[in-house]
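Participant: Single-letter residue listing:
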Amino acid sequence: MADPSVLALREQFRNPEQQRETSTVGMWIFLVTEVMLFGGLFTAFSVYRMSHPAGFDQGSADMEFWLGAINTAVLICSSFTMAMAVHSSETGKKSRLAVFLLLTILIGLVFLVIKFTEYYLHYHDQKLPGILFHDTSPDAAYVQMFFVFYFLMTGLHAFHMIVGEGVLCAMLIRTWLGSFSERYHTPIELAGLYWHFVDTVWVFLFAIFYIPGAHLK
Amino acid sequence: MMPTCLALLLQGSVTREYNVFFWVMVALCGAVGTGIAAFLVYCAWHYRRRSPNELPPQISMNIPAEVTWIAVPALIFISMFAYGLKMYFDLERPPDNSEDVYVVARQWMWKTQHLGGQREIDTLHVPVGRAIRLNMISQDVIHSFFIPAFRIKQDVLPGRYTSIWFKAVVPGTYHLFCAEYCGTEHSQMIGWIYAMNPKDYQIWLQQGAAEGSLASTGEKLFHQFGCSNCHHFSGHGRGPNLRGLYMRPVQITTGQTVVADETYIRESILQSRAKIVQGFQPIMPTFQGQLSEEQVAALIAYLKAIGPAPGEEMPSGPGEEMGDYGGIRPDLSEPVAPATKPGAR
Amino acid sequence: MATISIAEPPRPAPARPRLNYLTEKTGLMSWLFTTDHKRIGLLYVLSITFFFFFGGFFALLMRLHLLLPQGWLFGHETYNKLFSMHGIMMVWFFLIPSIPNTLGNFVLPMMIGAKDLAFPKLNLLSWYIFMLGGLTTLYALVRGGVDTGWTFYTPFSTSYSTTFVIAAAVGILIAGFSSILTGLNFIATVHRMRAPGLTWYRLPIFIWSTYATSLILVLATPVLAITLAMIAIERVFQVGIFDPALGGDPVLFQHMFWFYSHPAVYIMVLPAMAVVSEIIPTFSRKPIFGYKAVAFSSMAIAIIGFLVWGHHMFVAGESAYAAMTFSLLSYMVAIPSAIKVFNWTATMYKGSVQLDTPMLYAIGFVALFTIGGMTGLFLAALGIDVHVTDTYFVIAHFHYIMVGGTVMAFLGGVHYWWPKISGKMYPEFLAKLSALTVFLGFNLTFFPQFILGYMGMPRRYAAYPPEFQVLNVLSTAGASILGVGYVVPLIYLIWAWKYGERAPDNPWRTTGLEWKTPSPPPKHNFDVTPIVTWNAYDFEAQKEELQLG
Amino acid sequence: MSQSTVSVKTYAFTLLTLLGLTLLTSLLGLADLGRFSFVAAVAIAAVKASLIACFFMHALYEAKLVRVVMAGGVIWFLIMISLTLSDYLTRGWMPFPGK
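Chains as they are written, first to last, in the working numbering: chain Y, 1 to 217; chain B, 1 to 345; chain P, 1 to 549; chain E, 1 to 99.
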């Protein structure tokens, strides 16, 4: 079978090196658009947090702090396994690549499971803004605003996680079909960049939602 | 159409200064614009292509020219910015002796309330030569109070007081428009400003059968809704002493200090637990839904009327008419007679 | 790949016509699943022409309605829907894609000597997403339209409007992603796919300005997407993100909306500057004056353009210090535009000027953009803005830049590259006539609106006091002439596509890599990737090839 | 590029540092720092994010253009948040109400 890297060369590129660099630049530009997408929500959140600090601390106190901390650790581990997957694709070890991809997918699922249990717990405590919200603390309105942003931002993050899981499954299938080699593994790198970015976003979400009110519990 | 244009030139105190700046800018930009257009036509004609293979001298760089047409526009722009800023601050800082008018905007009508208690729909009678300060709030969507003749405009936001001031110079009737799109009848949310000579204004005041000044209405509400149970003027009630509260920095429980402007007072009435004063318990019930915007405006007028911030010398002008502050409760029942001192800035 | 039989000696190819991007593959499928940047450019031309005439028709209806002070054609509800849909259609479905996605898609790869864009499939996906967004917005229109204006100000759009705000917001959100993909594609292409020897300072200004536009597309559009998503979520779940009762702030929506929408006006005008920076050197047969100044001013406009959005909110309740900062920064962003105008005029000085149709449109652009830009100086001055904001003065200002600027430049660009796109020439006299009609009709439509604005007629009014009627009638008269001015090119360009005379490879005898390909060019533009050794607009270096001097 | 850009040892070290920082920020969260808990949390998150970017995303080993793109993303977010907050922070600075 011909060397996969030559076959995969798109006709508008002159050499594989140019194709890899262009795809990486394209991916990073896409990540910048994601930064601005989440950035809009972070800006709105920080404006409201600045004008109602008490309400937002109260809302943050209602979070499941330990579940959040565990989730952060889980996502960092999935980032690690993803990095190992990229490393093994670079060194051409296909079997190890498949194992690490599978590990990343599974750890990602663990994160999603924990996330949705948190959502269920909030539903149980009647903390769904707009649908079912009951709060007796003095600034209930601002606690509801906190939860609006909590569900908006972590929901968007979870959506990105699900898309990431899909991408990783596609990578696993293509690895199984043997379309990657030591000289052609750009899709794996791009999937890695996307996954690490989603992990970075969660790092900030954990910092602004779970930590400020943890001491009030 | 011409007379209205001329009339436009004189009415508001700001108008004359505005027109001068506007038309100086028009002259300046017009000169530059026609200069460029003329130069384009000149080049198109004078340097038209004589022969199909003509190759003109390929000059393509002149540093001094570039520097001049960067520096000169920059200087002109800075001066435009500076003068625009000066006019803006004049527009935003009301003179000390300005008289308050409370405006409540709702979908497709303006409700104005004078301190003397008169209430008007879609109209506003003002004496000529008096600075009028508008305190405005909306009950639903964003509107914008716009009097073209006086060159003033200010968006009216739900949930927050915004203010602007103007002073009529020439008596007459001027358009009032809503300038921020607010729904189906946005173009019907218009009205009239009647600038009247002080004598006619007095006659109009008497006709308006006001049932007492805005501050006295506010005082009635102050007692009716039980505010006086906790807020004593002697200073040791369960609630903070509200005498001289207006524009006084207030320290709240979260450590921030907030200036007690209209928005703070309104927020403390409607969402009372938003900003609790240092050293007090969050026990005040919220009056959201019980008080209309007009009633909140009346309460604010009352709180502003019962005294300037302690220690501040008595303001000249309307302050005296507000009654004596030597500790006895001012009698606010009779309508407020506006200061008729000529030439009050 | 055709197999070449060894036995047969290589005879010179028979003189059958060379296959170009139009004739290489035919049939609907070859168009709907093409990854050729030229074909995708044409697909975009068809889509935005449809949306342009849709939006333009609404504008004409509004102008007819405004003939009488109390209006006669429509109820106020319908009029509000008309100006909202006019705004939405024109901004997101015509102006933003008009030059980058059509002419940019077509010409950018050829100008830098590349076979295609960096990500051709992404380019096709961008067109499909654009059409999906367009159809969603059309669905909102057909079902009843939206009456919030193209600005969607809260709390009206979230809690008081009873029209199809969610459908319109989602439609625009989807179209936003098509802009992001195009921007991403252009940036990657310009960085990585340039021909050998084509350094940054040898790139034509078109590439600089389109690159600057792509920066804005990529950095600003996601914020629009998230803001419109928040509007849709607030309407669906009735939870007040911008509702003061919940502690929300309607002014925050304006901040996030204008953070996108002011850079968006630079997305609309920078490509127009790009086209004009190509046309003027060609028809003056001189390099553009102050190449580096014009190139860097494009980048400066893109960057400073992100710092100035507050000037839309001087009276909306932002703090005096913020208003002061935004006013100063707005004057800073005016300087690069001034540099460009002076450099364009200096390019024509001592040139050999040929007034063909593209040059007429380009000169019209420079003159009208100057007026539009300078009225922007009025609006940036705090004192003046208080009176004229939200009036017809603002309407005239941005139409001078959008219609007087971008649409004129778009028509200029279409005529300029028409020989390369279609391989046929357009009828010169008729084109000049329609250019003149557009120029006159435009000025008659929008100059009276400056006076209306100064006199205080607010914008978005279905009925107005009688003293404004004379100027409104003038404006409507202008609008009908403008309408004719736009329909005529549509007709003769369609005619020219089939019956126009064949166009030479380089009809304007100008520099530029795109003119070194046959017209219409083959699918991969260049048989062998060119090596570039000359500067942009260097007529001297290519004197022999172009038989000049 | 047959050899790998980043060694496994570096990845493992980065993993441990990130987990350590997560623990640190959690403990800081539980201790009552008052107003600074939010600032500290975001600062530590920024450190973690840059660690992920530099090592996991190979930012340190990529072409200069990629680093410029990254810097552009961060700068533009900061432009948006700082100018928006500048309006909210400067409200009430004027001696008269409402502006």
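If you are wondering where the hints come from, they were derived from the structure by calculation, not from laboratory data.
Treat the hints with care, as some may be off.
[Said to hold, decoys possible] DSSO-like, lysine-lysine: derived pairs with alpha carbons at most 27 Å apart:
{"#": "1", "chain 1": "P", "residue 1": "K115", "chain 2": "E", "residue 2": "K9"}
{"#": "2", "chain 1": "P", "residue 1": "K115", "chain 2": "P", "residue 2": "K432"}
{"#": "3", "chain 1": "Y", "residue 1": "K94", "chain 2": "E", "residue 2": "K9"}
{"#": "4", "chain 1": "P", "residue 1": "K516", "chain 2": "P", "residue 2": "K543"}
{"#": "5", "chain 1": "P", "residue 1": "K25", "chain 2": "P", "residue 2": "K543"}
{"#": "6", "chain 1": "P", "residue 1": "K523", "chain 2": "P", "residue 2": "K25"}
{"#": "7", "chain 1": "P", "residue 1": "K424", "chain 2": "P", "residue 2": "K523"}
{"#": "8", "chain 1": "P", "residue 1": "K292", "chain 2": "E", "residue 2": "K9"}
{"#": "9", "chain 1": "Y", "residue 1": "K217", "chain 2": "B", "residue 2": "K86"}
{"#": "10", "chain 1": "P", "residue 1": "K498", "chain 2": "P", "residue 2": "K424"}
{"#": "11", "chain 1": "Y", "residue 1": "K217", "chain 2": "E", "residue 2": "K64"}
{"#": "12", "chain 1": "B", "residue 1": "K86", "chain 2": "B", "residue 2": "K220"}
Participant: Name the hints, by number, that the structure is in violation of.
Facilitator: 1, 2, 5, 8, 9, 11, 12
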